[in-house]
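Work out the full structure, taking the sequences as your base and the hints as a guide.
Chains as they are written, first to last, in the numbering used here: chain A, 1 to 318; chain B, 1 to 291; chain C, 1 to 403.
A hint or two may mislead.
Pairs of lysine-lysine residues, derived as PhoX-like cross-links and limited to a Cα-Cα distance of at most 20 angstroms, are as follows [what the hints assert, rightly or not]:
| no. | chain 1 | residue 1 | chain 2 | residue 2 |
| --- | --- | --- | --- | --- |
| 1 | C | Lys332 | C | Lys354 |
| 2 | C | Lys195 | C | Lys400 |
| 3 | A | Lys144 | C | Lys121 |
| 4 | A | Lys144 | C | Lys123 |
| 5 | C | Lys73 | C | Lys332 |
| 6 | C | Lys100 | C | Lys121 |
Pulled a few chain B residues facing chain A out of the computed Cβ check, cut under 10 angstroms [claimed, not checked]:
| no. | residue |
| --- | --- |
| 7 | Leu84 |
| 8 | Ala91 |
| 9 | Phe94 |
| 10 | Phe101 |
| 11 | Ala102 |
| 12 | Ile103 |
| 13 | Lys108 |
| 14 | Leu113 |
| 15 | Leu265 |
| 16 | Gly281 |
| 17 | Gly284 |
Since the hints were derived computationally from the structure, they do not count as laboratory data. No residue lacks a Cβ here, since even glycine has one placed at the ideal position from N, Cα and C.
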Amino acid sequence: MRTPNERTLLCIGAAAALLVVGALVGSYPAYLLGLAMVNVIAAVGLNLLVGNSGQISLCHSSFMAVGAYSSSLLASGAGLPFWAAIPAGSVVAAIVGALLGLPARRLHGIYLALATLGFLQIVQIVVEEFADFTGGVRGLNTAKPTLLGSPLTSYGVYCVVAIVCVLAVWLAINIKRSRIGREFDAVRLSPHAAQALGISVARVKLTAFALSAAYAGLAGGLFAILVGFIDPNEFGIAASLRQLTYIVVGGLGSIGGAIVGAALLSGLPELLRPIKEYTDFAAALVLLGALLFMPHGLASAWQRLTPKPKATWRGVPA
Amino acid sequence: MPASFYVQLAIAGISVGSVYALIALSIVVPFKASGVLNFGQGELATLGAYAALVLSQFGLPYYLVAPLVIASGALIGLMIERALIRPVIKAPAFTVIIATFAIGLAIKSAIALHWGDTPYGVAGPFGDEPLVFNGLRANPTSLWIVLCTVAITALVGGFFKYARPGKAMRAVSINPEAATLMGIRINGSYRWAWGMSSAIGALAGLLVAPVVGINPEVGGLILRGLVAAVLGGFTSIYGAVIGGILVGLLETFAAVGLGGTVKNLAPFLVLLLLLAFRPYGLFGSREIHRV
Amino acid sequence: MNTFSSALRLVAVLAVFPLSALAQQNGVGPDSVTIGVFGPISGPASYIGLAGRDGAALAFKEVNDAGGINGRKIRMVFEDDAHSPARAVAAAKKLVEQDKVFMLMSVGGSNATAGTIDYVKEKGLPMYVSISSAPAVTFPFARTLFRGGTTETARYGELYAEFLREHYKAKRIVILSGREEYPRNEGDATVAKLKEWFNEAPAARIEFNVGDKDFTPQLSAAQRANPDVIAFFGNPAEAALALRQARDLGVKAPFFVGANIVDPAFIAAARGSAETAKGFSLVPVLPGSRLPEMVQWEAKWKREYPNAPAGRPNNFDLIAYADAYVVTDAMKRAGPALTQDSFIAALEATRNYKVNGLATARSFSTKHHIGNLQLVPMEVRGGAWEPVQWSSTHQSDILKRYE
Numbered sequence: 001m002r003t004p005n006e007r008t009l010l011c012i013g014a015a016a017a018l019l020v021v022g023a024l025v026g027s028y029p030a031y032l033l034g035l036a037m038v039n040v041i042a043a044v045g046l047n048l049l050v051g052n053s054g055q056i057s058l059c060h061s062s063f064m065a066v067g068a069y070s071s072s073l074l075a076s077g078a079g080l081p082f083w084a085a086i087p088a089g090s091v092v093a094a095i096v097g098a099l100l101g102l103p104a105r106r107l108h109g110i111y112l113a114l115a116t117l118g119f120l121q122i123v124q125i126v127v128e129e130f131a132d133f134t135g136g137v138r139g140l141n142t143a144k145p146t147l148l149g150s151p152l153t154s155y156g157v158y159c160v161v162a163i164v165c166v167l168a169v170w171l172a173i174n175i176k177r178s179r180i181g182r183e184f185d186a187v188r189l190s191p192h193a194a195q196a197l198g199i200s201v202a203r204v205k206l207t208a209f210a211l212s213a214a215y216a217g218l219a220g221g222l223f224a225i226l227v228g229f230i231d232p233n234e235f236g237i238a239a240s241l242r243q244l245t246y247i248v249v250g251g252l253g254s255i256g257g258a259i260v261g262a263a264l265l266s267g268l269p270e271l272l273r274p275i276k277e278y279t280d281f282a283a284a285l286v287l288l289g290a291l292l293f294m295p296h297g298l299a300s301a302w303q304r305l306t307p308k309p310k311a312t313w314r315g316v317p318a
Numbered sequence: 001m002p003a004s005f006y007v008q009l010a011i012a013g014i015s016v017g018s019v020y021a022l023i024a025l026s027i028v029v030p031f032k033a034s035g036v037l038n039f040g041q042g043e044l045a046t047l048g049a050y051a052a053l054v055l056s057q058f059g060l061p062y063y064l065v066a067p068l069v070i071a072s073g074a075l076i077g078l079m080i081e082r083a084l085i086r087p088v089i090k091a092p093a094f095t096v097i098i099a100t101f102a103i104g105l106a107i108k109s110a111i112a113l114h115w116g117d118t119p120y121g122v123a124g125p126f127g128d129e130p131l132v133f134n135g136l137r138a139n140p141t142s143l144w145i146v147l148c149t150v151a152i153t154a155l156v157g158g159f160f161k162y163a164r165p166g167k168a169m170r171a172v173s174i175n176p177e178a179a180t181l182m183g184i185r186i187n188g189s190y191r192w193a194w195g196m197s198s199a200i201g202a203l204a205g206l207l208v209a210p211v212v213g214i215n216p217e218v219g220g221l222i223l224r225g226l227v228a229a230v231l232g233g234f235t236s237i238y239g240a241v242i243g244g245i246l247v248g249l250l251e252t253f254a255a256v257g258l259g260g261t262v263k264n265l266a267p268f269l270v271l272l273l274l275l276a277f278r279p280y281g282l283f284g285s286r287e288i289h290r291v
Numbered sequence: 001m002n003t004f005s006s007a008l009r010l011v012a013v014l015a016v017f018p019l020s021a022l023a024q025q026n027g028v029g030p031d032s033v034t035i036g037v038f039g040p041i042s043g044p045a046s047y048i049g050l051a052g053r054d055g056a057a058l059a060f061k062e063v064n065d066a067g068g069i070n071g072r073k074i075r076m077v078f079e080d081d082a083h084s085p086a087r088a089v090a091a092a093k094k095l096v097e098q099d100k101v102f103m104l105m106s107v108g109g110s111n112a113t114a115g116t117i118d119y120v121k122e123k124g125l126p127m128y129v130s131i132s133s134a135p136a137v138t139f140p141f142a143r144t145l146f147r148g149g150t151t152e153t154a155r156y157g158e159l160y161a162e163f164l165r166e167h168y169k170a171k172r173i174v175i176l177s178g179r180e181e182y183p184r185n186e187g188d189a190t191v192a193k194l195k196e197w198f199n200e201a202p203a204a205r206i207e208f209n210v211g212d213k214d215f216t217p218q219l220s221a222a223q224r225a226n227p228d229v230i231a232f233f234g235n236p237a238e239a240a241l242a243l244r245q246a247r248d249l250g251v252k253a254p255f256f257v258g259a260n261i262v263d264p265a266f267i268a269a270a271r272g273s274a275e276t277a278k279g280f281s282l283v284p285v286l287p288g289s290r291l292p293e294m295v296q297w298e299a300k301w302k303r304e305y306p307n308a309p310a311g312r313p314n315n316f317d318l319i320a321y322a323d324a325y326v327v328t329d330a331m332k333r334a335g336p337a338l339t340q341d342s343f344i345a346a347l348e349a350t351r352n353y354k355v356n357g358l359a360t361a362r363s364f365s366t367k368h369h370i371g372n373l374q375l376v377p378m379e380v381r382g383g384a385w386e387p388v389q390w391s392s393t394h395q396s397d398i399l400k401r402y403e
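Pasting the structure below:
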């Protein structure tokens, strides 16, 4: 593949390109790009849990909610600047993710899926009940991010999102190639063999949940400053299912697939604007078509089209 | 609190739980037979409800509408299986689930496009007047739902135990290779499973229509059905039905005792607690699940 | 390294100082004026946005056919917000920056509209909110934001509290509300006004969830509280189910329903159990009424939209239609030199304007932008919504905030 230096340069180049593009296009396309990048961060995180570690989560959007609400509350309540509040929100989400990972150790398959679904309901209800803090069902105006005293413009927010997105992807690539990533693969391919080799499956599951929750929390915090308004509906079961479709269409286990899947599918409603009220139906058909023709995702379709000699072993997505 | 109050609540809980039980049944059957979790099952109930609407708008009486809805449910299920599930069955299990979810989405948005969000109603088979007995009141449709659920459970259970195709399906779910060696056609087994589960799903929509109304959100029942199925242990038919009744009773009594907020949580909390001690539900068996 | 550091500096500057902050006179040409409309036409609330869009479009078309506004034709551009604040911001940005609209009109839900407010204020563009009752539109006062057809949430509370007390003479009021935003607000506002004006609390406040298919527990709990009246806040489908189950359970208390339930669809879905239910309506005459003016209006609507599903036109068609006329009327009075300032001034000069007998009158002022404080009490009699002879005598507190 590529050397670590090449990968880093590629990421810096991508960040620069994104910054330039954002300055050239208007604020509407930049806003859409920002939303797509938020979804990319969430999808990459979910992929670590579902694609690489082989777990199931239907509550990924709840971790986004935790990140979004805690970073907003820290910013407006405790006066934290956005560059501290958002990472703090991500840490809170990671802790919550670990808390979920603890009991989830013993569960798998449909049972794990339902447990995460239950967790999603709990988060929804908590947000709605503590309306004095979270705004409840009426939603919350999030704090405006400021730099050196003056508020960020929409381009400024875009830059923040772009830089964080590239960093998050770079980190995910490195995680995948590290020992943690290999432990994820081992647990996915054969938990029994992994346990026999001395890898604590329970610890790996916990790490996977916490890490994916951290990514989701980061995405949530960025979403909050990008849109400026959050409500519990944005983080419900529909959002979780959408994020799952991003990584399934992209190709489970593949970071590039998650990026492309998230960018394409989250941009789909905007592309479908011309057909007005038929967007829901068309989007469902597009999704179905993608799954029928590329059941293993865009990433493996891409691999089939561009065969490379297998010089190095790569973690093959399931 | 007079005992009749609790009995009244129990009647409500059982009747609401029967609907959940039917949905749970329609999820467990194809899972047992082919390992596919059909996330679009809720939308098949919605289809059943709207089919009932269309047929009753033609003026057909209930005893004709019901079998027609069941038949069309089965037919649609078979078509979906042939056209959309068969191609992706070799894909990772996750992809198949998302595919069923996409099918459900397509059905729901098509229905919403044509009929809009207007809530429709259809009369129950025995009228709307409540039956009063000894101070206890019950809607005849609710009782009819419970009766049908019991009947269908018995039918399905009997089918798997005694009928040839049913025994074949059990063989396939235990060991597909051995079943093939015994001359059982796997594709046929899958078809039966899908046809049956879609028929049950459509029937659930038909039964529920006079009580709940006909609108595109009927499919939301699938979440409760899933909880019911898991509670009962995902591969058990009787477990699914018992799970459904339990969820219905839980919701009803939790609403009275604890207030509306916790009511939504109650089935999940119980589920989480149960899974902490019995990871395979009440009646589930220790099998390795593909999901 | 030089170019790199100057590029970094450029990015840092752009991050804090916007390139163009000048308000331009967008959207007004010599023979056209562009109006941007947004609302949900996909997702769970599509019945609101579709009706809002169609009602407004019909009104604009009629104005164009009659010669336009001071010689300019109206060009309406509609964008979907899918009932989500994130998508609503996208819709607003597209309308303002790509379609260069003169003003925005929202026919969307509350959270979606609330999400766009910061952006709209930043751009200094007039926005007329037809259907959403989000409080942030009118309070704190914003020069460019107006609310038309829907009334303030607090006003619901005022009218409901007074009606429950004075009309029903109710001592024991039970409130049964859904956990969604609109019904919850109705419930909260009613409780607040019952306390503030009459120093009373409801005998019970019971909640149910979205997607509940059985109200037996809530209705039994309500019965135990021995109510004189049960106030139900939710959506028409839930209300129909609740009223049918109430009849099954033998609940004797009469029902009072929220404003969005005052809809012919509710009566149809409730199949006979809706009789004697009362509620306040945002429109003085409901679609389906046999009043000649309504019959004519519906015929006109059906000619324009022959393929619409049953149940249309609905209340939202009516409200958006009336509000579109408020907007065009103000534009006409702003004169040929149409600017955002002259438009806002003309809106603020609106006094008791309504396009026909099927709308409530709208008034604005320079101090507040609340167009409508009127709701019409109605009752289900003989299978249809008919007006109730009752008017409020308690002075409203709402405008006091703006003095």
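Verification of the supplied hints:
The straight-line distance between the Cα atoms of lysine 332 of chain C and lysine 354 of chain C is roughly 15 angstroms, inside the 20 angstroms bound, and the hint therefore holds. For the hint pairing lysine 195 of chain C with lysine 400 of chain C, the CA-to-CA distance comes to about 18 angstroms; that is within 20 angstroms, so the pair holds. Between lysine 144 of chain A and lysine 121 of chain C, the direct Cα distance comes to roughly 14 angstroms. Compliance with the 20 angstroms bound is thereby established for this hinted pair. Among the hinted pairs, lysine 144 of chain A with lysine 123 of chain C is consistent with the structure: their alpha-carbon atoms are about 16 angstroms apart, no more than 20 angstroms.
Straight-line distance between C-alpha atoms of lysine 73 of chain C and lysine 332 of chain C comes to about 12 angstroms, which keeps the hinted pair within the 20 angstroms bound. Among the hinted pairs, lysine 100 of chain C with lysine 121 of chain C is consistent with the structure: their alpha-carbon atoms are about 16 angstroms apart, no more than 20 angstroms. A cut of 10 angstroms between beta carbons decides the hint on leucine 84 of chain B: the least distance to chain A is about 7 angstroms, and the hint holds. For alanine 91 of chain B, the shortest C-beta to C-beta distance to chain A is roughly 3 angstroms, which falls under 10 angstroms, so the interface hint holds.
Annotation: phenylalanine 94 of chain B was flagged as interfacial toward chain A, and the flag holds, the nearest CB pair being 6 angstroms apart, inside 10 angstroms. Annotation: phenylalanine 101 of chain B was flagged as interfacial toward chain A, and the flag holds, the nearest CB pair being 6 angstroms apart, inside 10 angstroms. With 10 angstroms as the threshold, the beta carbon of alanine 102 of chain B comes within range of chain A, its nearest partner Cβ sitting at about 4 angstroms, so the hint holds. Hint status for isoleucine 103 of chain B relative to chain A: holds, with the closest Cβ pair at about 6 angstroms, below 10 angstroms.
A cut of 10 angstroms between beta carbons decides the hint on lysine 108 of chain B: the least distance to chain A is about 8 angstroms, and the hint holds. Contact between leucine 113 of chain B and chain A, as hinted, is supported at the beta carbon level, the nearest pair being about 6 angstroms apart and thus within 10 angstroms. Here the hint on leucine 265 of chain B is kept, as its CB sits about 6 angstroms from the closest CB of chain A, short of 10 angstroms. Interface restraint check: glycine 281 of chain B against chain A, minimum CB-CB distance 7 angstroms, threshold 10 angstroms, status holds.
A hinted interface residue such as glycine 284 of chain B counts as satisfied when its beta carbon comes closer than 10 angstroms to some beta carbon of chain A; here the least separation is about 8 angstroms, so the hint holds.
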